[in-house]
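Chains A and B, in that order, are what the protein sequence lines are. Positions 1 to 228 (this note's numbering) are the ones given, in order, by the first sequence. Positions 1 to 895 (this note's numbering) are the ones given, in order, by the second sequence.
Please keep in mind that the hints were generated in silico from the structure rather than gathered at the bench. Here the structure is a predicted model, which means the values were calculated and not measured. One or more of the hints may lead you astray.
[Stated by the list, open to error] Simulated DEER-style distance windows between Cβ atoms:
hint, chain 1, residue 1, chain 2, residue 2, range
1, B, S737, A, G57, 22 to 30 angstroms
2, B, R678, A, G57, 21 to 29 angstroms
3, B, K761, A, D139, 37 to 45 angstroms
[Unchecked claim] Short, incomplete list of chain A residues facing chain B, as computed with Cβ under 10 angstroms:
hint, residue
4, N3
5, N85
6, E87
7, R202
8, A210
Glycine included, each C-beta is placed from N, C-alpha and C at the ideal position.
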Amino acid sequence: MANAGTILVIDDEAQIRRLLDITLSASGYKIIEAATGREGLALAASGQVSLIILDLGLPDTDGIEILKRLREWYEKPIIILSVRNSEEDIVQALDNGANDYLTKPFRTGELLARIRVSIRQNQVVKDNPQLEFGSLTIDIGNHIVRKNTDIIKLTSTEFSLLALLAKNEGRVLTHQYILKEVWGMGYIEQSQYLRVYIAQLRKKIEENPASPKLINTESGIGYRFSYE
Amino acid sequence: MNSFNDNRPDPDELLASLISEEEKSKRGTLKIFFGMCAGVGKTYTMLEAAHAEKFKGCDIIIGYIETHNRKETVELAEGFELIPRKSYQYKSTLVQEMDLDAIIARKPQIVLVDEIAHTNAPGSRHIKRYQDVQEILENGINVYTTLNVQHLESRTETVAQITGIIIRETLPDEIFENADEVELVDLTPDELLQRLSDGKVYTPDRSRDAIENFFRKGNITALREMALRIVADRVDKQLHDYMQYKRIRGPWKTGMHLLVALGPSPYSGKLLRWSKNLSYAMGANIQAIYVETLHRLTSKEHEQLDKNIALAKQLGIKVRIITNADIVKAIVDFAQKENITHIIVGKPRVRNLFSMLQLGNFVNRLIRYSGNIDVYILGSDSLAKDSFKNRFSIPSITSQIPEYLSTSILVVVTSVVCYLLLEYIGYQVVSFVLLFLVSILSLFFGTGPILLAAALSALTWDYFFIPPQFTLHIEKAEDILMLIMFFIIALLSGIMTSRIRRQEKRIRIREERTNALYQLTRELSMATGIDEVSGIAVSYIKKYFNLDCAIFHKTKFNQFDDQIQNQTTIKLTENELSIAAWVFRHSAKAGKYTDTLPSTDYTFYPLTGNVDNMGVIAVKQAGVFTQGEEQFWEAFLSQISGKYEREFLRNVSKTAYLLTESDKLYKTLFNSISHELRIPVASIMGASDTLLYHDYPEETKQKLYSEISTASVRLNRLIENLLNMSRLESGRITMHSDWYDVHDLAHRISESLRQELLPFKFSVVIPESMPLVNIDFGLMEQVLYNLVLNAAQNSPAGSRIRLKFFYDNGFLTIQVMDRGQGFPASELAMVFDKFYRGKDAKAGGTGLGLSIVKGFAEAHHGTVTAANRQNGGAIFTIKIPARITEIDNFSQKED
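Use the sequences and the hints to build the structure in full.
Below, the structure is given as structure tokens:
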């Protein structure tokens, strides 16, 4: 299989590393492994790592610390894979620059999808003026959204929200991040605005708003725009 | 009996000296400046000593000082910090006393407290200043104080004899004996008189009075001798203690034990004081005994006995009360048991011929039975004569007037009847009828009325019946004899009967008390729970003492709890509550009729268990308890406290039982979980082994893969439940509420249970107007996940499962409805119990899911209920209080 990129796995559990090695290699990724944070930092600096899978419970340094240090220079995607499943842990990791967060136990299919999305998104030029998700087209430059060529009327806030989510396709955006980006720093606690607008957006762009496919809720954490 | 020459150190005494040494080091030390009388310069000397200490850098203050405006003393007192006297209103007068609490709060190294024998004004915490001093000492503060010899309890009698002045302010000898230091302040009588006449002690006019009355040279010399002797004795005793402590063998007198027999006589007081002095001089220890006999005590005697016992306690003499009809036997038995070396008794009073015979008998028998125990017999004096009179005065005639009247009327009525029948029966028979009447009367009336009836009937018989009638004159000699015999028989039978009655009454009272105690014990033993014990205690105290009471308990941490524990009309003030707390801390009674804080309406008794104080009981007594009542009361309280103690202990062991219960719970959990864990692990192992080592067709492989997948989902679900359960158990659930759209919630559930819901018609019902609600999304997701999963697991395939949301009046209500079997009515209440599993539940499941639902709903301050639906199936309803957003949903006016 063609090399889809190099993935660095930083995890102290040999069994998890082995499982990831088997699964990811089968999908065409090249795997390098590190059992400690320090080792992981050294390997990340060594070269062509296109994505890092990071465990938070490392024997030497806390994973969040490693994440911060990596994010000082490393711009490519980092996916957290941890047994820590509290909302605080997840939000903290996302706020510190993780692209995605999966809790153990995980389904390998899910992990592969996240990896794929993360890598792809990282390659998308940030200011690409036109984004397409099946029947939905978002013209960022002209503030136009179309569904099957029909123009959908959106308020400017709805558009900003949709554009932010869509530009970060596949990535979980925390509530606070979204509120800050769309409404501004002063609205960081006003999550009810966000809920109301998300509900409205879903009504306008989703096929079935009760069972949304594009704007997904990450309970207690935020939203993820996804299109497969 | 211990030999006088045995000079081995007695181990008990050594231990006692070590213990008292240790106790003393925690307490403050007491130094007494001791003088023969006022004006010798005790306060002055004390101040001088204080100056010396202060010069050495000691923190020394004045707590209370009486300078009597003597110039030198006033000058010397300057330069010390002075705790201002506390003044307070007692009834209508303003009184000033030493501020005890301020001294303790100030906590100096040494405090000066003048005149230790002083009696505090009513309304103070303690009756006597020495009690204040003891409290100061207990707080580790050293005390300097002053004392005159005449105030020593054991010397008051002698002082009264010497000076003719009766001393009211007395100090228990014990305090003086246990003082750490005594400094004698001495002055020759001439010097003292000089000082007096110079006006250095009192103002000139008072001085003259004083010299003429108290300060006569003879008096002063006698008092001086007494003071010097006491201090000398003390030095002697210290030497003795020192030798004992340092294990020096010396010619000390050891092993002498005195026993004083006390009784209800005013003379016993003197006996006690004399014996105390003797014991002090001999270095012997001393105790007292009172033998309760069948002889009835008058209320005066009761009072005197109580006084005597109280005095003995004041003198530091332990009193034992023993009931025995034979005084001599009781005393000797006790003496032998307690290794007594000397018995001291008062000379019994000679009342009449009979008691004279008794006296000889008493003394002879005592001497005969006492064996090698020395017996001292002390003479009585004039005081005893009063009591002789008291004895024969018939108590309170006025109160018995109805009795006298009724006996007289009955005698008169009987006589009239007899007079009418005289013809038929003859006058001799009348005497028998009257005799019969007197005997009958004696069953119902006291000695006085019986005496009257006997005399009256004798006279009536003589006057109206014995010929010649209507004169007191009697002709026949046999009639005279008969009259005399009549009178004596009437008297004897009357008195004997009433004595028997009295005895019977006493026995009945005792029996009643024993019975009451027995009843109390029985009821208490059947009571469970502290409240029930309180209820029984209250009702028994009401029944047998006719007293309302307020009961206080200790808290779990052995602190005093100032909440009254029983239903009562008693209302206590802040001040009275603090007395109760004091009683709890000191395990001593206080309040009215005691020496501590008597100026309240209530008396407070500690409820003392074997180990700890259980609490305090407050009652409003109508008067002082008599000795018998007091014993009865104490027996009552000890039963009650004992039961309280057992109840408190039972509560402790109940907590331990609960721990065992939860241990059992964990075992159940363990069993249930080990099963639940093994099944999926077994499927995974089996399926993966098959895949690894056998080559099967692709189709079989696929089936095995899906088996592994299902098993791992099941495992994961179990782990999730366990973690949630432990979150619940540890009480570490913190709410993270935020605004949420319940559509999201419904969507999450249907997504995560997609596989499980496939066979069902699953529908979500949310009203169009549903607002955003403020909830913890994670918790609610878990709740609904478990409920919907439960519905799926317990419903036939193809049936309908509905998830319904609505908001009403501050509450978010969520319902999960299925068409399964529902619950048997008998099990509805247990549905949410841990490890509950439906009778016909499919295999698998730990019975944790629904208990987690309940726990999480409650963490949300909400409720969850289960019910059966009318047309079959179960319905779960969750109702949680939730705010809704004020933003008008879906209708922004933006842009």
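Structure-based check of each hint:
The hinted window of 22 to 30 angstroms between B:S737 and A:G57 holds, with their beta carbons roughly 28 angstroms apart. Take B:R678 and A:G57: their Cβ atoms lie about 27 angstroms apart, and the range 21 to 29 angstroms holds. With their beta carbons about 41 angstroms apart, B:K761 and A:D139 fall inside the hinted range of 37 to 45 angstroms. A hinted interface residue such as A:N3 counts as satisfied when its beta carbon comes closer than 10 angstroms to some beta carbon of chain B; here the least separation is about 27 angstroms, so the hint is violated.
Interface hint status for A:N85: upheld, as the beta-carbon distance to the closest one in chain B is roughly 9 angstroms, under 10 angstroms. Interface hint at A:E87: satisfied, since its Cβ lies 6 angstroms from the closest Cβ of chain B, which is below the 10 angstroms cut-off. Satisfaction of the interface hint for A:R202 is found here, the shortest Cβ-Cβ separation to chain B being roughly 8 angstroms, below the 10 angstroms cut-off. Interface hint at A:A210: satisfied, since its Cβ lies 6 angstroms from the closest Cβ of chain B, which is below the 10 angstroms cut-off.
The structure does not agree with numbered hint 4 stated previously, though it agrees with all others.
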